[in-house]
Amino acid sequence: MTPCHTEALDNLLADGCTLTHITGYVQPKGEWLSQMRAGQFLYHGIEEKRVAKTTHDPWSARPPRPGERKVKRGRR
1 MTPCHTEALD
11 NLLADGCTLT
21 HITGYVQPKG
31 EWLSQMRAGQ
41 FLYHGIEEKR
51 VAKTTHDPWS
61 ARPPRPGERK
71 VKRGRR
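In terms of the numbering used here, the sequence shown is residues 1 to 76.
Since the hints were made in silico from the structure, they are not lab data. Just so you know, nobody snuck in bad clues.
Here are the in silico distance ranges between beta carbons for each label pair: (1) Gly30 with Arg50: 18 to 28 angstroms; (2) Thr6 with Val51: 18 to 28 angstroms; (3) Gly39 with Leu13: 14 to 24 angstroms; (4) Gly67 with His21: 38 to 48 angstroms; (5) Gly24 with Gly45: 17 to 27 angstroms; (6) Gly39 with Gly67: 56 to 66 angstroms.
None of these values were measured; they are calculated from a predicted model. Where a beta carbon is used, it is the ideal one built from N, C-alpha and C, also for glycine.
Modelling step: build the complete structure from the supplied sequences, incorporating the hints.
Here's what the structure looks like:
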């Protein structure tokens, strides 16, 4: 990755962006870009992963609507 590419990444990524390594280390964007500029890392590609957070019971037919009570069916 050339310095001009790291500048483009710096502009594209949010200031609070972090990179989580396989070891679990969470690296700030600035530190990561500095190491790339210094040639410490050679990346052949970057893959973006999207994460979804479920805030309702995934097994229900649909999530409850605002103000609606969820009724459980079955034996007590």
